[in-house]
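Participant: All chains, please: the whole structure from these sequences, using the hints.
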Amino acid sequence: MAYSDKVIDHYENPRNVGAFDKEEQNVGTGMVGAPACGDVMRLQIKVNEQGVIEDARFKTYGCGSAIASSSLVTEWVKGKTLDEALAIKNADIAEELALPPVKIHCSVLAEDAIRAAIDDYRTKQGDDSSETDEGRKSA
Amino acid sequence: MSKTIYLDYSATTPVDPRVAEKMCRYLTAEYGLFGNPASRSHSFGWAAEEAVEEARQQVAALINADPKEIVWTSGATESDNLAIKGAAHFYAKKGKHLITLTTEHKAVLDTCRQLERDGFEVTYLDPRPDGLVDLDRLAAAIRPDTILVSIMHVNNEIGVIQDIDAIGQLTRSKGVLFHVDAAQSAGKVPIDVTTSQVDLMSFSAHKCYGPKGMGALYVRRKPRVRLEAQMHGGGHERGLRSGTLPVHQIVGMGEAFRLAREEMASENERVRSLRDRLLAGVSGIEEVYINGDMERRVPHNLNVSFNFVEGESLMMALKELAVSSGSACTSASLEPSYVLRALGRSDELAHSSIRFTIGRFTTETEVDRAIELIHEKIAKLRELSPLWEMFKEGIDLDNVKWAAH
Ligand SMILES: Cc1ncc(COP(=O)(O)O)c(C=O)c1O
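First to last, the protein sequences are chains A and B. Our numbering applies: residue 1 is where the first sequence begins, and numbers increase by one. Our numbering applies: residue 140 is where the second sequence begins, and numbers increase by one.
Source of the hints: derived by calculation from the structure; they are not laboratory data. There could be a bad hint or two in this list.
Straight line, CA to CA, 35 angstroms or less: simulated DSBU-like cross-link-like pairs of lysine-lysine [said to hold, decoys possible]:
#1 Lys89(A) x Lys351(B)
#2 Lys6(A) x Lys519(B)
#3 Lys6(A) x Lys458(B)
#4 Lys78(A) x Lys458(B)
#5 Lys540(B) x Lys78(A)
#6 Lys22(A) x Lys531(B)
#7 Lys46(A) x Lys531(B)
#8 Lys361(B) x Lys313(B)
#9 Lys351(B) x Lys207(B)
#10 Lys80(A) x Lys531(B)
#11 Lys89(A) x Lys519(B)
#12 Lys80(A) x Lys519(B)
#13 Lys458(B) x Lys519(B)
Have a look at the derived ranges for each label pair, beta carbon to beta carbon [what the hints assert, rightly or not]:
#14 Glu511(B) x Ala98(A): 27 to 37 angstroms
#15 Pro101(A) x Lys142(B): 47 to 57 angstroms
#16 Glu169(B) x Ala91(A): 18 to 28 angstroms
#17 Ile429(B) x Asn13(A): 51 to 61 angstroms
#18 Lys22(A) x Gly352(B): 48 to 58 angstroms
#19 Arg276(B) x Gly126(A): 39 to 49 angstroms
#20 Asp257(B) x Pro101(A): 31 to 41 angstroms
#21 Ala98(A) x Asp284(B): 47 to 57 angstroms
#22 Glu160(B) x Glu75(A): 54 to 64 angstroms
#23 Ala98(A) x Gly420(B): 32 to 42 angstroms
Covered stretches of chain A, going by a simulated chain B footprint (3 or more residues, C-beta under 8 angstroms) [unchecked claim]:
#24 45-55
#25 63-74
#26 85-92
Cβ coordinates follow ideal geometry from the N, Cα and C atoms, glycine included.
Facilitator: Below you can see the structure in the form of structure tokens.
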């Protein structure tokens with residue numbers, strides 16, 4: 001398996017590794033994948049008053065491409081609103097990292113992780129349907 | 140590249156320089172040894188034939204066979220095909236049932252699949268959790284229409300050694316042929332076909348410091364085993380395998396097997412001490428599991444699962460080491476090693492496995508460096524692993540509802 005330079009870079013110097021307290025009100029946690037399938041990603045976002053993701057953390061069990069995809073996503077979501085973050089597509093991740101076809105599922109998983117983290121955050125704000133951040137502010 | 144430490148001797152071995160040196164003499168005009176052994180009318184042919192027959196003796200000697208029982212092939216894959224398809228088709232009138240193990244090499248499993256498409260029936264037995272065949276279950280699987288049992292001697296992934304003497308006694312007593320894929324055992328485990336009741340045995344040169352693309356099949360003469368040829372042509376190898384003999388390859392296999400016979404005992408001791416050093420070095424790491432029985436195992440092999448770390452990422456981290464993994468994250472199915480799954484290992488542990496195989500040119504310094512790297516990289520990847528974090532928090536991962544994909 002030949003990896004792209006970007007995958008190797010993220011793999012060797014993963015960005016934003018770690019954890020936030022998942023009980024905190026302004027933290028959204030998304031865990032996707034399964035150990036039996038060979039990859040599990042946990043992405044956490046910290047959202048500020050303005051509804052902007054101000055920080056992100058990840059931990060991933062999986063191949064180099066899975067680790068790189070989640071590391072990249074933590075960089076990308078930072079500074080984005082929830083809706084902007086939701087607009088990140090697996091194809092963008094795959095393209096940025098030059099993932100080969102057999103590794104596309106890693107980017108799909110990373111996209112799923114963003115959705116799961118945002119869902120969790122919105123559920124916490126008592127708002128699991130909203131397309132905007134208005135609900136959170138009134139919560 | 141040369142800084143990479145090679146610990147993948149079960150994938151292939153480098154050709155021993157003594158073997159390479161001998162092979163070269165059979166290629167160019169310089170030594171007059173490039174002839175076709177089938178040429179009966181001149182000295183070039185005679186010299187080539189002599190070399191081929193000397194090599195046949197050398198291969199036969201490693202397993203205490205008669206040289207007439209050795210058929211040259213292009214490798215263990217072809218030997219497996221010739222043995223299994225050849226016997227199945229020859230004895231089809233007697234029965235159409237075969238038995239093998241789920242942990243066999245693909246060269247056996249896929250050959251059996253093909254026979255199923257040709258109207259044969261195959262029973263695939265799971266081994267016990269230690270990787271060894273359950274003799275009672277094997278005995279129970281033998282039917283009146285069973286013609287052949289194919290069980291490998293040493294498993295390529297976990298290195299366990301099957302008791303071919305016991306299996307041979309069983310198959311002989313039931314009048315069933317016994318084929319053994321010995322690609323991974325030749326030169327590592329003593330083999331004696333005068334005491335083991337094996338009827339057909341496959342060999343590969345490149346697992347034993349010989350050249351790639353070269354193999355042999357042992358075909359017992361007493362009691363005689365018959366095969367239907369799979370390769371037709373000039374009738375070489377008593378009609379069992381046509382094609383001009385690749386003299387340099389054959390000479391290489393002969394020399395490699397001669398060296399194996401002479402050096403096996405001392406080499407095994409040296410390799411075992413290196414393997415045990417590696418085992419001791421990784422044993423201190425938490426949540427490490429050895430795959431396959433540790434007693435009935437070749438000294439060359441160590442197959443370990445590092446729980447909560449995925450095998451492919453570990454291989455990437457261990458890029459200074461040439462090793463192989465039971466994790467197959469590259470396949471669309473995300474299926475981990477079928478061998479480890481057949482042992483009843485969980486998918487998680489199968490995904491977390493690394494195979495280290497040690498050989499003739501491995502040094503203590505290399506093993507020590509490997510141990511150091513493994514410690515460092517396991518710690519790094521576990522730091523990255525949500526599963527490790529959960530394990531450390533006391534969460535039972537089996538009770539977590541995973542969003543499977
Ligand atoms: C057990 C076993 N059988 C068969 C083979 C195939 O051997 P060859 O590469 O000589 O065809 C191998 C090697 O990959 C093996 O390990």
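Participant: It remains to establish, for every hint, whether it holds in the given structure.
Facilitator: Status of the hints after comparison with the structure:
1. Lys89(A) x Lys351(B): 46 angstroms, violated
2. Lys6(A) x Lys519(B): Answer holds: Lys6(A) to Lys519(B) is near 19 angstroms, not above 35 angstroms.
3. Lys6(A) x Lys458(B): 16 angstroms, holds
4. Lys78(A) x Lys458(B): It holds: about 31 angstroms lies between the C-alpha atoms, which stays within 35 angstroms.
5. Lys540(B) x Lys78(A): 28 angstroms, holds
6. Lys22(A) x Lys531(B): 16 angstroms, holds
7. Lys46(A) x Lys531(B): Holds - the C-alpha atoms of Lys531(B) and Lys46(A) are around 24 angstroms apart, at most 35 angstroms.
8. Lys361(B) x Lys313(B): 17 angstroms, holds
9. Lys351(B) x Lys207(B): 23 angstroms, holds
10. Lys80(A) x Lys531(B): 33 angstroms, holds
11. Lys89(A) x Lys519(B): 29 angstroms, holds
12. Lys80(A) x Lys519(B): 29 angstroms, holds
13. Lys458(B) x Lys519(B): Holds, at roughly 14 angstroms.
14. Glu511(B) x Ala98(A): 27 to 37 angstroms: Given a distance of about 32 angstroms, which is inside 27 to 37 angstroms, the answer is holds.
15. Pro101(A) x Lys142(B): 47 to 57 angstroms: With a Cβ separation near 31 angstroms, Pro101(A) and Lys142(B) fall outside 47 to 57 angstroms, so the hint is violated.
16. Glu169(B) x Ala91(A): 18 to 28 angstroms: For Glu169(B) and Ala91(A) the Cβ distance comes to about 59 angstroms; the hint is violated.
17. Ile429(B) x Asn13(A): 51 to 61 angstroms: Once the Cβ atoms are compared, 33 angstroms apart, the range 51 to 61 angstroms for Asn13(A) and Ile429(B) is violated.
18. Lys22(A) x Gly352(B): 48 to 58 angstroms: 56 angstroms, holds
19. Arg276(B) x Gly126(A): 39 to 49 angstroms: Violated - the Cβ-Cβ distance for Arg276(B) and Gly126(A), about 58 angstroms, lies outside 39 to 49 angstroms.
20. Asp257(B) x Pro101(A): 31 to 41 angstroms: 34 angstroms, holds
21. Ala98(A) x Asp284(B): 47 to 57 angstroms: 55 angstroms, holds
22. Glu160(B) x Glu75(A): 54 to 64 angstroms: Once the Cβ atoms are compared, 55 angstroms apart, the range 54 to 64 angstroms for Glu75(A) and Glu160(B) holds.
23. Ala98(A) x Gly420(B): 32 to 42 angstroms: The hinted range 32 to 42 angstroms holds for Ala98(A) and Gly420(B), with Cβ atoms some 36 angstroms apart.
24. 45-55: violated (count 0)
25. 63-74: holds (count 4)
26. 85-92: Result for this restraint: violated, n = 0.
Of the numbered hints given earlier, the model fails hints 1, 15, 16, 17, 19, 24 and 26; all others are met.
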